[in-house]
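Trainee: Chain residues, written in single-letter form:
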Amino acid sequence: MSSTPSTSLLKALSPSDHDEDLVQRKALLAEIDASCRLPVLLFFICGTLWLLVGTLFALITSWKMHHPDLLGNIAWLTFGRVRPVHLNTVIFGFASEVAIGVSLWLMCRLCRVTLMHKWIIIMAAVFWNVGVVVGVLGILAGDNTGIEWLEFPPYASPILFFSYALIAVWGIITFRFRREKHLYVSQWYLLAALLWFPWLYSSANIMLIMDPVRGTVQSAVNWWFAHNVLGLWFTPIGLAAIYYFIPKVTGKPIHSYYLSALGFWSLALFYNWNGGHHLVGGPMPAWLVTVSIVASVMMTIPVVTVGINHHLTMKGSFHMLRHSPTLRFMVFGGMNYTVASLHGVLSALRSVSEVTHFTHHTISHAHTGMYAFFTMVMFGSMYYIIPRLTLREWPSAMLIRVHFWFTALGIILYMGPLTLGGILQGYAMLNPDVPFLDVVKLTVPYLKIRTVAGIIIAIGHTAFFINLTWIILRQLQPYRQPTRMIIAATRNAINPALP
Amino acid sequence: MILLWILFLGGFVVLPGSALLAMRWAIRNGEFRDFKKASLLVFDEEEPVGLVTDSFPTGKIVLNTGPSPATHGVSQP
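For the protein sequence lines, the chains are G and A, in the order given.
Take the first sequence: its position 360, counted from the start at 1, is 360 in this note's numbering, and no numbers get skipped.
So the mapping is simple: this note's numbering equals the position in the second sequence, first residue as 1, plus 1000.
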């Protein structure tokens, strides 16, 4: 068993400066998992804590939509503050942290190297969380920038950017040291996300906060950023995880690697132009919006290829959904990637957008992408990774089932009624004979259903948190037995003929 | 101001441009030559094709009784 290479940061960029054995030998999976233990668990635990905070603020926000007086006399808990706190805690606190943790682990596994320079990642995790705390407190104190998806005050963003830069440097080091020279499709997605996000985040911060552009250009930049955070940061990491875990859990290679390559390259070429479709009907050059709509429709190519590929890989293995928690979450997330993306393609069309724009339909669509697809995939990834890091089995199968069913049914209950309510709201707003207050009243039943859905989802999150706390506490106890998965893997490595 | 426009319009060009550069690198490095090999990269001697690697903690290991990897067909373009 080799230990993590102790290289200096400068030497780390050049694999040729190292022992040949170190450069050539592929690390064992157990070595990789051991090297990832502390930094990845740190991201997962902090991310889960932010998930609980974000869920609490989501429930307050949702409740306020049909009971506006709730906590209305407390300045820092007014709607204009709790809503962006919910958004930013789940985006930067939960989703990004878990995404980074999953990316670290996947990158090490696919590059077949142990995680080098752990201190970089641990420092990045600490700074990232400091940035989120500062940002959340800033919003609650009234320093919201008012820019969608960039509500954190100007003094929080540089902390996040510094932290992210550390992670990007680490990603480059790991890639340079990879012992498997051929790249798997998940690595393409991870590398793309790793390199695109800093460009997006820094450009948007410079142009909207540090030295703001004037007038309607702000909205163009804002939607270029906000849509690409979803499409070029979260989506690639979600798809990377699906492309890794479905074959890994089922023991079958991906149905068509050709389709997976087509899906990646078409996403890379088309997605960047999508954000402008949020500005249909706005005071923007028509060509800019039209280009965005065309690019949005072109997204059908990666979405359909990915959907077909995942389905055909799963074909003949759907019975395994009963037995594998990871697979359940992955397949649910993968199916909702198709739903969310095709829904997005439809919503980008001018004829559809003129009805659904400025309605709750858009909120429903955003949650389909960020929760039903991405978050569920991240849950599935954590169910696979954490037992391998802690060398402990998940303590409770029942809590996993509660987690899955409450979050899955909760988000379905969220998406369906709110989509319908948003469409009805859109038609009512287009009708000049309907007073605006009637339009507001029309949406109230759908908003109440959303709150119920939120409570159901919150129960699922609580179940996950209990299970996570439990397994971490077990980690602190003396080691007793390896996990079921490790027994199986070891046994099969010795003799593949064994069942 | 000009710098900002360059940044923004650059954003529309730089991201797909970086993808095109990466594609050039991939072609030159033979990433598109052997799709079958690439599709098997998630497997190795420790966790080979056919091994199911996840189950509920109280469940038993479930063998994949679907199409075998050989007949499952790693598609070629």
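Hints listed in this document are in silico derivations from the structure and should not be mistaken for laboratory results.
Ideal placement from N, C-alpha and C gives every residue a C-beta, glycine not left out.
Please note that the accuracy of each hint is not assured.
Claimed, not checked - Each pair of labels, with its calculated beta carbon distance range: (1) G/Leu430 / A/Pro1048: 55 to 65 Å; (2) G/Phe318 / A/Lys1036: 19 to 29 Å; (3) A/Leu1020 / G/Leu437: 49 to 59 Å.
Trainee: Take the hints in turn and mark each one as holding or not.
Mentor: Okay, the hints, checked on the actual structure:
1. G/Leu430 / A/Pro1048: 55 to 65 Å: Taking Cβ atoms as reference, G/Leu430 and A/Pro1048 lie about 59 Å apart, which means the hint holds.
2. G/Phe318 / A/Lys1036: 19 to 29 Å: Hint holds: Cβ distance 25 Å, inside 19 to 29 Å.
3. A/Leu1020 / G/Leu437: 49 to 59 Å: holds, 52 Å
Hint check: no violations occur; every hint is consistent with the structure.
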